[in-house]
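Undergrad: Spelled out from the first residue to the last, the chains are:
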Amino acid sequence: MKHVNLGRRHWLGAGAALAATSLAGCAGLSGGPSIGRVVVVGGGYGGATAARYLKLWGGNVDVTLVERNADFVSCPISNLVLGGYKQMSDITRGYGGLKSVGVKVVQGDVTAIDVAGKKLRLAGGGEIAYDRLVLSPGIDFMADQVGGLQPALDSGRVLHGWKAGPQTVALRKQIEAMPDGGVFAMFIPKAPYRCPPGPYERACVVASYLKTAKPKSKVLVLDANPEITSKKGLFEKAFKDHYTGILEYRPNAELKELSGNVGKLEFEDVRADVLNVIPPQRAGDLARSAGLLNINNRWVGVNWLTMESTAAPGVHVLGDATFPAPLMPKSGHMANQHAKVAAAAIIQLLKGEAVNATPVVMNTCYSFVTGRDAMHVASVHQYDDKDKTFKTVPGSGGVSVAANQIEARYALSWAENIWADSLAL
Amino acid sequence: MHRLLRRSSVLIGLLACAGLAQAQNAHLARNLAATCANCHGTNGHARGDMKPLAGVSAEKIVAMLADFKSGNQPATIMHQISKGYTDEQIKLLAAFFAAQPASK
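Heads up: the protein sequence lines correspond to chains A and B, in order. For the first sequence, my numbering gives the first residue as 1, with consecutive numbering after it. For the second sequence, my numbering gives the first residue as 1001, with consecutive numbering after it.
Derived by calculation from the structure, the hints in this document are not laboratory data. Bear in mind the structure is a predicted one, so any value in this text is a computation, not a measurement. Not one of these hints is a red herring.
Label pairs and their in silico Cβ distance ranges:
hint, chain 1, residue 1, chain 2, residue 2, range
1, A, Asn296, B, Lys1060, 46 to 54 Å
2, B, Ala1075, A, Arg68, 34 to 42 Å
3, A, Ala129, B, Glu1088, 37 to 45 Å
4, A, Gly94, B, Ala1102, 26 to 34 Å
Heads up, the beta-carbon is just placed ideally off N, CA and C, and yes, glycines get one too.
Using the sequences provided together with the hints, build the complete structure.
TA: Take a look at the structure:
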C-alpha cells in the first residue's frame, strides 16, 4: 500500500472539504443542515414507522435504525403460517425501503443506553450518539411466573410463537408433526398482553388446519382470563359454527407449572402433544435495562403528546412496551400510530417549536377465524387535554357484524398497506 | 405617522399569526391524514383492495365520510372509524389528500 505522508494542515484541509461536501449534500437533499440526530432502536411496526416518518416529515434529520434481525417479520398474519395458509416469505419484508429514503440501518444489538450522556452502546463495542432516542423494544416474557417454563422455552420443546420468526417456523413444524388424534393445548396469559385477539385467532386457524388434515385431533384453549378478551361474541360464534367437537375453550384456566407434556392448572393437569404457551409479558428487556419500567415494574409510562418516557427525558417509547391509554390495544397498528405522533413531535422539538396539542390515533385489528374468513375490531382515540391521555370517541369504533371473505381480503390488504407505510416499500 | 406605524405593526403581527396558524393547520392536516395511512397508504397511495385517497377532491372525501357517519353509505368498517373524527378534522385531512398527486 502506498503511504502518503500528509501534514497536519493537509488533514485539516481535507476534513474541512469533507464537511463542506456533506453539508452541501444535506442542503441539496432537503434544504438545510441537519436539525439533529435521532436513533431508533427496534425495527418492528413502531420503530420502522418512526424512522420512515422522521425522514418523510423531517427530511433533514439524521435517522439511524438499530435492529437485531436482518428482516422484518410480521406478527399479524403469522397465525396463518401456523395454519398452513401462508408461508414465512408472505410475512417477511426487508429494510431496503427505509435505506432508500435515507435511514441508516444498522443490524445489531444494543447492550447499554446512557440516557444522561445521550449515547448507546452496541454489542461489539461501537457507540452511537443521539439528540433524541426512540425505543420500540416490543415485549419480553415474565417466564418465571410459570414453574418450569423458562427451561422448556430454552430447550425449544415448548414454543410461544408470540414473536414472529423462527418460533413461528418451529411451532408450525410441531403442529404438522402432531399425530391425528393429538391435542394442541394453548395457554393464554392474563391481560394485558400483545395482540388481544391473537390467541383466539390462532386457536381458530390451527383448528381449521386440524379439521381437514388431522380430523381426530383437538384444540384446547386454556385462558387465564375470565372470558375471551377481544371480539368475544364473534369468536364464540366461530368456535361454535366451525369447530364444535374440535375446539374446547376454558376460561379462568391459568397455567401454573409445566412438567414434560403436562401443563398444571390450579385444580387440573392437562396433557397435550403440543403445548403452546403464550407467557405473561412486560415491556422489552431494553426498556427494563434503561430503567424505564415505571408502571407496575412492567410497562413504560409516556407523555402521549410526544411519546416521551415519563422516566427519561429525550427517550420516546412506542408500541407494546407502553402502559396503554384506556382501551388502547397492544397492536402493530397502534405502534405505527404511536410512531407518527412521536415523529411529528420529535421534529418540532428539534426545531424548538410547539408540538401538536390534539393528536389522534386509531386502531384496526383483523382476525381470521378460518383460512378464508376474517373479522375486525376498530377504535379511534382522541387526546384529552384535561386527563392528559387518549380516550376513545363515544359512538365510534366497533366490531364486524360477522366474519366473512370480504373482510379477509381487507385483512390482507391492510397488511400490504401497513407494511408499505411502515417500511417505505 | 405614529398611528400608521402602529397600524402596520398590527397588520404584520396579524399576518405572522396567520402564517403560524396556517403552518400549524398544515401539520395537523398531515398528522390526521397519517392516521388513515395504515390502510389507505402513505399520503393516500393505497394498494390492493383499499381505496386510494391521494388526489381525490376534498369535497368528495368529506361527502364520503359524511355518508359513512350517517349510515347512508353502508360499510364493513368505515361507519365505525368515521365517527371518531370531528367534521373539522375531516375537512383538514380531506384537504391534505386532495393536495397529493393522484395514485398512478
